[in-house]
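Q: Now for the letters of each chain:
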Amino acid sequence: KYDYPPLVCNVSWLGLLSVLITILWLASSTPLTVANLFYNNLIIDHFTYFCQVFLLVSTASTIVMCLGYFKEESLNAFESIILILLSTCSMLFMISAYDLIAMYLAIELQSLCFYVIAASKRDSEFSTEAGLKYFILGAFSSGILLFGCSMIYGFTGVTNFEELAKIFTGYEITLFGAQSSGIFMGILFIAVGFLFKITAVPFHMWAPDVYEGSPTLVTAFFSIAPKISILANMVRVFIYSFYDPTWQQLFFFCSIASMILGALAAMAQNKVKRLLAYSSIGHVGYLFIGFSCGTIEGIQSLLIGVFIYVLMTINVFAIVLALRQNRFKYIADLGALAKTNPILAITLSITMFSYAGIPPLAGFCSKFYLFFAALGCGAYLLALIGVVTSVISCFYYIRFVKIMYFDTPKKWILYKP
Amino acid sequence: MALRSVARNLLRQGAVAQHLSKHPGRKTYVADNHHVEWDFKGQRQIVPVGHRVPIVAVDAFVAPNVVLAGAVDVQDRATVWYGSVLRGDLNRIVVGFSSSVGDKCVLHAVSTAPTGLSAETLIGKYCTIGSFSTLRSCTVEDEAVVGQRCVLLEGSLVEMNSMLGSGSLLPPGRRVPAGELWAGNPARFVRMLTNDEIMSIPKLADGLRELAQEHAQEFLPYGTAYLEVEKLREKHLLSM
Numbered sequence: 028k029y030d031y032p033p034l035v036c037n038v039s040w041l042g043l044l045s046v047l048i049t050i051l052w053l054a055s056s057t058p059l060t061v062a063n064l065f066y067n068n069l070i071i072d073h074f075t076y077f078c079q080v081f082l083l084v085s086t087a088s089t090i091v092m093c094l095g096y097f098k099e100e101s102l103n104a105f106e107s108i109i110l111i112l113l114s115t116c117s118m119l120f121m122i123s124a125y126d127l128i129a130m131y132l133a134i135e136l137q138s139l140c141f142y143v144i145a146a147s148k149r150d151s152e153f154s155t156e157a158g159l160k161y162f163i164l165g166a167f168s169s170g171i172l173l174f175g176c177s178m179i180y181g182f183t184g185v186t187n188f189e190e191l192a193k194i195f196t197g198y199e200i201t202l203f204g205a206q207s208s209g210i211f212m213g214i215l216f217i218a219v220g221f222l223f224k225i226t227a228v229p230f231h232m233w234a235p236d237v238y239e240g241s242p243t244l245v246t247a248f249f250s251i252a253p254k255i256s257i258l259a260n261m262v263r264v265f266i267y268s269f270y271d272p273t274w275q276q277l278f279f280f281c282s283i284a285s286m287i288l289g290a291l292a293a294m295a296q297n298k299v300k301r302l303l304a305y306s307s308i309g310h311v312g313y314l315f316i317g318f319s320c321g322t323i324e325g326i327q328s329l330l331i332g333v334f335i336y337v338l339m340t341i342n343v344f345a346i347v348l349a350l351r352q353n354r355f356k357y358i359a360d361l362g363a364l365a366k367t368n369p370i371l372a373i374t375l376s377i378t379m380f381s382y383a384g385i386p387p388l389a390g391f392c393s394k395f396y397l398f399f400a401a402l403g404c405g406a407y408l409l410a411l412i413g414v415v416t417s418v419i420s421c422f423y424y425i426r427f428v429k430i431m432y433f434d435t436p437k438k439w440i441l442y443k444p
Numbered sequence: 429m430a431l432r433s434v435a436r437n438l439l440r441q442g443a444v445a446q447h448l449s450k451h452p453g454r455k456t457y458v459a460d461n462h463h464v465e466w467d468f469k470g471q472r473q474i475v476p477v478g479h480r481v482p483i484v485a486v487d488a489f490v491a492p493n494v495v496l497a498g499a500v501d502v503q504d505r506a507t508v509w510y511g512s513v514l515r516g517d518l519n520r521i522v523v524g525f526s527s528s529v530g531d532k533c534v535l536h537a538v539s540t541a542p543t544g545l546s547a548e549t550l551i552g553k554y555c556t557i558g559s560f561s562t563l564r565s566c567t568v569e570d571e572a573v574v575g576q577r578c579v580l581l582e583g584s585l586v587e588m589n590s591m592l593g594s595g596s597l598l599p600p601g602r603r604v605p606a607g608e609l610w611a612g613n614p615a616r617f618v619r620m621l622t623n624d625e626i627m628s629i630p631k632l633a634d635g636l637r638e639l640a641q642e643h644a645q646e647f648l649p650y651g652t653a654y655l656e657v658e659k660l661r662e663k664h665l666l667s668m
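Chains as they are written, first to last, in the numbering used here: chain A, 28 to 444; chain B, 429 to 668.
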C-alpha cells in the first residue's frame, strides 16, 4: 500500500520522542522517599533517579546521532531503534534492580538486545563477526554472573540486596570456614561477570573487536549506555550489599590493569573505533579508581567520572558519525580536517583534550576528583598509576590533534556536513 | 483552449510536412507557440542529465548564472564564478576543495579520452582557473594556476604547483610538469617557478575564496522570484 517505505527515520524520531517523554515522566516524579516495588525487586531512590535520567539522556543523544546515519548507510533496519529502546528499558530496570534475579534478568535482556544490534548490518562480515563474538562472550559472562548469583543464593538463601546487606554487615570474608568460601566464590563470580560486561581489563578481549565490527552507531551506544547502567548496578551490589574490602582488591587490580592497557594498547592503534574502544577501557579503569576506594568521595567521583565520560563519548561518537563518509576508518583520514572543517576540528580537539585530562576541561575535573578520592582513602599507588597512565594516554589523544592540524595527508577526505 | 491548441498544432505539423515534401532539403522555420522566447524561470542553475545530478557542497559558492549540467561535483569551499558553464553530461567534472573556476569558463568532458588519462575533468585543491578558459577533459592537479583565456584540450595534465600563463593553449595530451610556468600557443616551457610563487598559490586561492564568501553573503538559500511570478500570474489572470 505504501510502497514499502524505509521506516528507520520515522521510527527513530518516534523513539526519540518516547525517550524524551520518559525523561520527562521520570524527572517530574522526583523520588521523595525510597520506594520498593514488586516485592522488593526494584527500588527507586535518588541514586537510581539520577542514573536513569542520565541514561535516558544518553540514549536520546544516541538516537539523535543515528538520524542521519541510517539515511546515509541506507540501512533499513528500524528494528535496531526498537532494540535500542528495549535495551534502554532493560537498563532502567537494571539500574533500579534490587534483587539478584531482577538484576540478572535485566542484564540478560539488555545483552540480548545488544547481540542483535551488534550484528544488525547483515551484509558486512565485520558486523556479523562482532555480533557472534559479542554473543558468545556475553553469554559466557552472563553465565558466570548467574553462577555467582546462584552461589550467593545457595550459601545465604537470600537474593534480595537488602537481606544480603543485612547478612554481610560485619561479615569478614575469610577463606577459612565452609560457607564463607562459597560466598567468596559467589562474589568473585559476580564481580567477574560484571567486569566482563563493563570491559575491564582481564576480561576486555572482545571489546575492541566488537566495537570495531559493529556499526558505528551501535558502537556509540555500546560505549555510552551500558557503562552507566552496569556501574550503577555494581555500586548497588558491591557498595550496598557486599560492602567489604576483600573484593575491593580485585577492583583495585582491574583498575590498574585497565588504565595501563588502555593507555598502552591505544597507542598502537590506527583505526579510530579501536582506539576509542581502548580509550573507553582505560576510562573504565579510571572510574574503577573511585569504585575501589569504597568511600563516599570515591562513589561521588565515580558518578562524576561516569557523567563526564559519557558526555565526552557522546561528543566523540557524534563527530565520528559525522565524519563517517568515505569509509572513515583510520586516524590518518582525519588529516587536513583543520582546513576543511575547522570548527569540527576544534570540537574534536577539545574533546580529545578533555579525554586526555587537560586542565580547563571537564575530563580533567573528573580525573582530578577520582585521583583525589584515591588519595583520600589512601590508595596512593592507584593515584600514581592513574596519573602516569593519563599522561601516557595524552600522547595518543594529542596525536589526533597533531594529525588534524599539522599533517598534510596524501588523500584529502571531504566530509559532508 | 487546450483542444484548440492541439488542433492548431496538428494542422501546423501537417503544413510543415506538406512543405517539406514540396521542397525537400530546404530548411523551414515555422513559429510554434510551444517555443517561448521568454522563460520567466530564467536559466536553471542545476540541470540533472539523466541520473547524473550535479552535487554542490554546502559551503561552495556557485554564482547564480552558472549552469551545472550532468555529473558535476563542486566540492567544499570551491567557487564557480559568474557565467561559467560546467557540462558534465558525458563524463564527470570535479571542482576540488577551495579551488575557483573563473568567470565565463567552460568545462566540458568528452566521453572517451584519446590518451590513457581518464576523460574526466578534474580540478584539484587550491587551484585557480582564470576567467574565459576552456577545459575539456583535462586534469588540473592540486595548487595549480591556469591563467585567463587558457584552452586545455582533452587529456592534458597540469601537475601540482605549476602555472599556465594567460592565453595559452595546451594541446591534447600535453603535460605541464610540476612547478613550471608554461605559456604560449601551443604552450611551451617558460621557466621554473620560484618557491615564493609556489607558496603564494594557495594564498591566491584563499583570497578568491574570501572574495566569494562576500559574494555568497548576497544570496539567500531561496530566491524571492516566485513572489514575482505569482504577481505576474495574478496580473494576467491565470489560474494558479
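By construction, these hints were calculated from the structure, which means they are not laboratory data. Treat the hints with care, since some could be wrong.
Said to hold, decoys possible - The calculated BS3-like cross-link candidates involving lysine-lysine, where the alpha carbons are at most 30 Å apart (straight line), are: (1) A:K366 to A:K160; (2) B:K631 to A:K429; (3) A:K160 to A:K98; (4) B:K532 to B:K631; (5) B:K663 to A:K366; (6) A:K366 to B:K659; (7) B:K631 to B:K469; (8) A:K429 to A:K366; (9) B:K663 to B:K532.
Claimed, not checked - From chain B, some residues computed to sit far from chain A (all C-beta separations above 10 Å): (10) G478; (11) R505; (12) S526; (13) S546; (14) P599; (15) L636; (16) E658; (17) L660; (18) H664.
Yeah, the Cβ is synthetic: ideal placement off N, Cα and C, and Gly gets one too.
Q: Far enough from chain A: is every CB of that chain over 10 Å from the CB of B:H664?
A: Non-interface label on B:H664 holds, nearest chain A Cβ at 39 Å vs cutoff 10 Å.
Q: Hey, B:K631 versus B:K469, does the alpha-carbon distance stay inside 30 Å?
A: Roughly 38 Å between the alpha carbons, so the hint for B:K631 and B:K469 is violated.
Q: A:K429 and A:K366: Cα distance at most 30 Å?
A: This hinted pair holds, its Cα atoms lying about 13 Å apart.
Q: Hey, does B:E658 actually stay past 10 Å from chain A on C-beta?
A: Fine: 32 Å to the nearest Cβ keeps B:E658 off the interface.
Q: A:K160 and A:K98 were given as a pair; does the straight-line alpha-carbon distance stay at or below 30 Å?
A: 27 Å, holds
Q: Do the alpha carbons of B:K663 and A:K366 lie within 30 Å of each other, as the hint requires?
A: Violated, because 51 Å separates the two Cα atoms, which is more than 30 Å.
Q: Classify the label on B:R505 as holds or violated, using whether its beta-carbon is more than 10 Å from each beta-carbon of chain A.
A: 8 Å, violated
Q: Verify the proposed pairing of A:K366 with B:K659, using a straight-line Cα cut of 30 Å.
A: Answer violated: A:K366 to B:K659 is near 45 Å, above 30 Å.
Q: So if I understand the rule, the pair passes when the alpha-carbon distance is 30 Å or less; does B:K663 with B:K532 pass?
A: Distance of about 36 Å is beyond 30 Å: violated.
Q: Quickly compare the C-alpha distance for B:K631 and A:K429 to 30 Å and report which way the hint goes.
A: OK: B:K631 and A:K429 at ~22 Å, within 30 Å.
Q: Can we confirm that no CB of chain A comes within 10 Å of the CB of B:S526?
A: 8 Å, violated
Q: If you draw a straight line from the CA of B:K532 to the CA of B:K631, is it 30 Å or shorter?
A: Cα-Cα ~23 Å, so holds.
Comparing the model with each numbered hint stated earlier shows that hints 1, 5, 6, 7, 9, 11, 12 do not hold.
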